[in-house]
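Start from the sequences and build out the full structure, keeping to the hints where you can.
For the record, the sequence lines run as chains A and B. When the letters of the first sequence are read in order and numbered with full-length UniProt numbering, they come out as residues 1 to 379. When the letters of the second sequence are read in order and numbered with full-length UniProt numbering, they come out as residues 1 to 379.
By construction, these hints were calculated from the structure, which means they are not laboratory data. Positions of the beta carbon are idealized from the N, C-alpha and C atoms, including for glycine. Take these hints with a grain of salt, some might be off.
Between beta-carbon pairs, the in silico distance windows are [said to hold, decoys possible]:
| hint | chain 1 | residue 1 | chain 2 | residue 2 | range |
| --- | --- | --- | --- | --- | --- |
| 1 | B | Gln7 | A | Asn212 | 34 to 40 angstroms |
| 2 | A | Asp301 | B | Pro347 | 33 to 39 angstroms |
| 3 | B | His49 | A | Ala379 | 19 to 25 angstroms |
| 4 | B | Lys372 | A | Asp315 | 52 to 58 angstroms |
Derived DSS-like pairs (lysine-lysine); straight-line CA-CA distance at most 27 angstroms [as the list claims (entries may be wrong)]:
| hint | chain 1 | residue 1 | chain 2 | residue 2 |
| --- | --- | --- | --- | --- |
| 5 | A | Lys8 | B | Lys378 |
| 6 | B | Lys115 | B | Lys183 |
| 7 | A | Lys378 | B | Lys8 |
| 8 | B | Lys8 | A | Lys350 |
| 9 | A | Lys148 | A | Lys376 |
| 10 | B | Lys89 | A | Lys376 |
| 11 | A | Lys343 | B | Lys67 |
| 12 | B | Lys343 | A | Lys93 |
| 13 | B | Lys372 | A | Lys8 |
| 14 | A | Lys236 | B | Lys333 |
| 15 | A | Lys333 | B | Lys236 |
| 16 | B | Lys8 | B | Lys115 |
| 17 | A | Lys8 | B | Lys346 |
| 18 | B | Lys333 | A | Lys8 |
| 19 | B | Lys8 | A | Lys333 |
| 20 | A | Lys230 | B | Lys333 |
| 21 | A | Lys8 | B | Lys92 |
| 22 | B | Lys92 | A | Lys343 |
| 23 | B | Lys343 | A | Lys92 |
| 24 | B | Lys8 | A | Lys372 |
| 25 | B | Lys230 | A | Lys333 |
| 26 | B | Lys343 | A | Lys333 |
Number of protein chains: 2
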Amino acid sequence: MQENYQQKTLGILGGGQLGRMVIQSAINYNIDIHILDPDQHAPCRHIAHAFTQGKLTDFDTVYEFGKNCDILTIEIENVNTDALEQLAKEGKKVFPQPHIIKLIQDKREQKQFYKNHQIPTADFILTDNREAVKAQSDFLPAVNKLGKEGYDGRGVQVLHSEADLDKAFEAPSLVEKLVDFDKEISVIVARNEQGELNAFPPVECAFHPTANLVEFLFAPAQISDEVNQKAIEVAKDVMTKLDMVGILAVEMFVTQDGEILVNEVAPRPHNSGHHTIEANFTSQFEQHLRSVMGMPLGNTDLRTPAAMVNLLGEDGFTGEALVEGMDEAIHEKGVYIHLYGKKITKPFRKMGHVTILEENVEALKYKALKIKDIIKIKA
Amino acid sequence: MQENYQQKTLGILGGGQLGRMVIQSAINYNIDIHILDPDQHAPCRHIAHAFTQGKLTDFDTVYEFGKNCDILTIEIENVNTDALEQLAKEGKKVFPQPHIIKLIQDKREQKQFYKNHQIPTADFILTDNREAVKAQSDFLPAVNKLGKEGYDGRGVQVLHSEADLDKAFEAPSLVEKLVDFDKEISVIVARNEQGELNAFPPVECAFHPTANLVEFLFAPAQISDEVNQKAIEVAKDVMTKLDMVGILAVEMFVTQDGEILVNEVAPRPHNSGHHTIEANFTSQFEQHLRSVMGMPLGNTDLRTPAAMVNLLGEDGFTGEALVEGMDEAIHEKGVYIHLYGKKITKPFRKMGHVTILEENVEALKYKALKIKDIIKIKA
Chain A
1 MQENYQQKTL
11 GILGGGQLGR
21 MVIQSAINYN
31 IDIHILDPDQ
41 HAPCRHIAHA
51 FTQGKLTDFD
61 TVYEFGKNCD
71 ILTIEIENVN
81 TDALEQLAKE
91 GKKVFPQPHI
101 IKLIQDKREQ
111 KQFYKNHQIP
121 TADFILTDNR
131 EAVKAQSDFL
141 PAVNKLGKEG
151 YDGRGVQVLH
161 SEADLDKAFE
171 APSLVEKLVD
181 FDKEISVIVA
191 RNEQGELNAF
201 PPVECAFHPT
211 ANLVEFLFAP
221 AQISDEVNQK
231 AIEVAKDVMT
241 KLDMVGILAV
251 EMFVTQDGEI
261 LVNEVAPRPH
271 NSGHHTIEAN
281 FTSQFEQHLR
291 SVMGMPLGNT
301 DLRTPAAMVN
311 LLGEDGFTGE
321 ALVEGMDEAI
331 HEKGVYIHLY
341 GKKITKPFRK
351 MGHVTILEEN
361 VEALKYKALK
371 IKDIIKIKA
Chain B
1 MQENYQQKTL
11 GILGGGQLGR
21 MVIQSAINYN
31 IDIHILDPDQ
41 HAPCRHIAHA
51 FTQGKLTDFD
61 TVYEFGKNCD
71 ILTIEIENVN
81 TDALEQLAKE
91 GKKVFPQPHI
101 IKLIQDKREQ
111 KQFYKNHQIP
121 TADFILTDNR
131 EAVKAQSDFL
141 PAVNKLGKEG
151 YDGRGVQVLH
161 SEADLDKAFE
171 APSLVEKLVD
181 FDKEISVIVA
191 RNEQGELNAF
201 PPVECAFHPT
211 ANLVEFLFAP
221 AQISDEVNQK
231 AIEVAKDVMT
241 KLDMVGILAV
251 EMFVTQDGEI
261 LVNEVAPRPH
271 NSGHHTIEAN
281 FTSQFEQHLR
291 SVMGMPLGNT
301 DLRTPAAMVN
311 LLGEDGFTGE
321 ALVEGMDEAI
331 HEKGVYIHLY
341 GKKITKPFRK
351 MGHVTILEEN
361 VEALKYKALK
371 IKDIIKIKA
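This is the structure in structure tokens:
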């Protein structure tokens with residue numbers, strides 16, 4: 001059989017760093033990638049086969065873009081799913097399927113889905129407005145999550161006590177029991193049209209000892225074989241029950257009792273999978289490509305333990321980006337810098353990431369913290 | 001110190017697969033790459049920041065191209081070195097240095113250099129024309145090599161006996177003693193402006209048991225520690241004596257007595273280094289980039305034993321390329337396909353390569369041969 005992937009055009013909605021890293025994999029397969037993004041300076045711009053500047057939430061823009069592609073996928077959730085539904089009806093392959101993107105866009109729909117399908121998740125109550133949240137003072141401590149258009153922390157509010165209730169969202173949201181978790185982990189799963197399904201080894205978030213911040217991510221997660229297996233089963237279960245094709249990052253809590261609770265999912269490559277480029281036999285970006293293009297999935301085994309540190313713009317610096325400490329970092333064995341093609345830095349803007357490979361997990365963690373100190377993005 | 005590699009423009013003379021793979025590394029550093037190539041469909045075309053179609057051997061073309069770059073390098077030897085000399089005089093960084101490219105372009109100059117610098121190489125005689133070659137019948141068996149413009153086998157003629165003398169080149173050439181070698185190996189070395197120098201682990205050519213053809217390349221080479229060390233020393237010695245900055249592939253023979261003889265060098269990434277993308281801590285392409293951009297060199301250790309199989313267009317097929325056997329191949333753990341962006345296949349055209357990772361070297365060789373059987377490029 002002759003497989004002609006290079007004859008198919010893949011369109012990606014979103015032209016950020018996730019799409020950029022998918023293109024980096026696609027180059028090896030001669031697959032032409034079309035990108036749609038509102039930003040003319042989008043990270044994908046210069047390496048895409050074709051770039052269209054336009055709004056991802058606009059029906060006509062997405063529809064016109066999609067007509068020139070054979071297969072469509074996303075690298076960001078906030079897209080016009082009606083246009084994708086129309087394109088799918090007209091015979092385009094759209095993965096993830098539009099109704100799944102739509103479900104995931106709404107955190108309330110997401111949580112209901114877990115509940116209805118016996119997927120373990122923290123208890124929650126749907127709330128239509130602030131008054132409804134305020135009525136749940138017995139449910140605290142809790143997390144108030146906006147139903148739609150919450151991204152990267154905007155749309156999530158922790159309510160420790162009644163004093164916090166005034167911060168509740170004035171819009172359809174949910175109130176979820178605050179989990180006293182032991183660990184936060186993530187499992188990325190992929191599934192293709194043929195139903196082939198596999199999971200990447202769980203990744204763990206390393207928290208700052210006192211501040212409630214994630215310092216870096218590392219794999220393999222330091223969890224028991226039992227918890228490891230359970231986490232993978234839960235992630236695969238979500239994928240199967242969604243009947244989704246594509247790649248799905250499942251963020252989970254491991255409770256003090258070793259139970260798994262699904263926190264959130266993202267139907268695209270995810271920050272918790274960046275290390276896979278150097279650390280695993282197949283990267284999440286390659287896997288995303290394979291899953292939507294109808295190719296066989298790749299092996300996800302870890303080759304070497306790895307940590308991933310995000311490179312965020314330093315606070316107090318805005319302007320043309322400069323990377324401080326690059327030479328020192330890249331002179332080290334097993335340190336890999338990925339810059340995202342963004343010329344301008346702003347405080348906390350995701351400008352790149354660094355992956356560290358190291359066989360000894362304690363040495364790995366030490367190196368990850370050291371890298372965080374060495375590399376700074378300033379202007 | 002703030003290192004601003006992303007503010008420098010790198011120009012590469014040549015837009016083939018070697019340049020394409022350098023660009024794949026450069027993407028991670030936000031380094032903009034300009035490409036010059038005569039072919040409008042060159043492999044680099046769609047992923048280069050800027051592409052100029054033009055002749056690499058033309059002075060004005062190369063000079064005008066180079067004026068818009070900060071740093072210049074090559075991915076093919078046959079370029080106009082006078083233009084590069086002029087650009088270097090005008091303050092551009094040109095690596096490899098033009099006089100070194102010029103020396104290597106001429107096999108006679110190359111061999112003289114080895115002789116004058118005590119670099120071990122097979123005995124040879126310079127010959128100005130066919131008559132001069134014919135006068136060397138006592139020197140046979142030998143290899144007749146054209147001085148200039150021999151590439152990929154064109155310009156090399158084996159003279160087993162007097163009967164072959166009529167095939168000798170009618171142009172300045174050299175006659176080199178045919179080496180009864182035990183193995184053919186290759187060592188790639190890199191050196192930056194700061195004088196930092198390191199070598200990749202030696203790679204071995206695996207020959208067909210009867211036909212005199214290389215079936216695949218693999219690393220680590222199956223040579224003694226002593227030969228391994230000697231090979232690396234010789235390669236570094238060549239680099240140091242050339243005082244070259246950039247990357248140099250040194251092809252060598254290991255004689256029946258375990259001696260090293262330098263066969264040829266290439267001042268650019270080389271076929272014998274393709275496996276390094278997945279197999280080593282740093283790839284040769286990344287290393288090429290680092291060496292010419294003034295960045296610290298990367299660690300070259302092998303992570304996993306690897307083999308590399310070239311994907312050449314099947315004999316008898318010309319036209320739009322189709323890859324037969326792709327699915328079967330990429331479903332295997334540790335198999336990596338790299339297609340070079342060439343739409344049209346021709347018999348024996350270099351269309352891509354496949355790298356196989358496998359801890360057990362005998363299993364590795366078996367898998368390499370199996371992959372050769374599975375993947376075919378047809379039209």
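Verification of the supplied hints:
1. Taking the beta carbon of each, Gln7 (chain B) and Asn212 (chain A) are about 37 angstroms apart, inside 34 to 40 angstroms as hinted.
2. Checking the proposed 33 to 39 angstroms range against Asp301 (chain A) and Pro347 (chain B) shows it holds: the Cβ atoms sit about 38 angstroms from each other.
3. Distance hint check for His49 (chain B) and Ala379 (chain A): the Cβ-Cβ separation is about 22 angstroms, which falls inside the suggested range of 19 to 25 angstroms.
4. Range check, Lys372 (chain B) to Asp315 (chain A): Cβ separation about 54 angstroms, and the 52 to 58 angstroms hint holds.
5. Between Lys8 (chain A) and Lys378 (chain B) the alpha-carbon distance is near 18 angstroms, which keeps this suggested pair within the 27 angstroms criterion.
6. Distance hint between Lys115 (chain B) and Lys183 (chain B) is fulfilled; the C-alpha atoms sit about 22 angstroms from each other, no more than 27 angstroms.
7. Restraint check for Lys378 (chain A) and Lys8 (chain B): satisfied, since their Cα atoms lie roughly 18 angstroms apart, inside the 27 angstroms limit.
8. Note on Lys8 (chain B) and Lys350 (chain A): the hinted pairing holds, with a Cα-Cα distance of about 22 angstroms set against a maximum of 27 angstroms.
9. Restraint check for Lys148 (chain A) and Lys376 (chain A): the C-alpha separation of about 33 angstroms exceeds 27 angstroms, so the hint is violated.
10. Between Lys89 (chain B) and Lys376 (chain A) the CA atoms are separated by roughly 36 angstroms; this puts the pair beyond 27 angstroms, and the hint is violated.
11. Straight-line distance between C-alpha atoms of Lys343 (chain A) and Lys67 (chain B) comes to about 23 angstroms, which keeps the hinted pair within the 27 angstroms bound.
12. For the hint linking Lys343 (chain B) to Lys93 (chain A), the alpha-carbon distance of about 24 angstroms falls within 27 angstroms, and the restraint holds.
13. For a cut-off of 27 angstroms, the pair hint linking Lys372 (chain B) to Lys8 (chain A) stands: about 25 angstroms separates their Cα positions.
14. At most 27 angstroms may separate the alpha-carbon atoms for a hinted pair to count; Lys236 (chain A) and Lys333 (chain B) meet this at roughly 20 angstroms.
15. Only pairs whose Cα atoms come within 27 angstroms are accepted, and Lys333 (chain A) paired with Lys236 (chain B) is accepted, the gap being roughly 20 angstroms.
16. Distance check on the hinted pair: Lys8 (chain B) and Lys115 (chain B) sit about 38 angstroms apart at the alpha-carbon level, beyond 27 angstroms; violated.
17. Pair hint Lys8 (chain A) plus Lys346 (chain B) holds up; C-alpha atoms about 22 angstroms apart against a cutoff of 27 angstroms.
18. A distance of roughly 25 angstroms separates the Cα atoms of Lys333 (chain B) and Lys8 (chain A); the hinted pair therefore holds under the 27 angstroms criterion.
19. In summary, the hint linking Lys8 (chain B) to Lys333 (chain A) is supported, as the alpha carbons are separated by about 25 angstroms, within the 27 angstroms threshold.
20. Annotation: proposed proximity of Lys230 (chain A) to Lys333 (chain B) holds, straight-line Cα distance about 24 angstroms (limit 27 angstroms).
21. At most 27 angstroms may separate the alpha-carbon atoms for a hinted pair to count; Lys8 (chain A) and Lys92 (chain B) exceed this at roughly 41 angstroms.
22. Only pairs whose Cα atoms come within 27 angstroms are accepted, and Lys92 (chain B) paired with Lys343 (chain A) is accepted, the gap being roughly 24 angstroms.
23. With a C-alpha separation of about 24 angstroms, the suggested pair Lys343 (chain B) and Lys92 (chain A) falls inside the 27 angstroms cut-off, and the hint holds.
24. With a C-alpha separation of about 25 angstroms, the suggested pair Lys8 (chain B) and Lys372 (chain A) falls inside the 27 angstroms cut-off, and the hint holds.
25. For the proposed pair Lys230 (chain B) and Lys333 (chain A), the alpha carbon gap of about 24 angstroms is at most 27 angstroms, so the pair holds.
26. Only pairs whose Cα atoms come within 27 angstroms are accepted, and Lys343 (chain B) paired with Lys333 (chain A) is rejected, the gap being roughly 37 angstroms.
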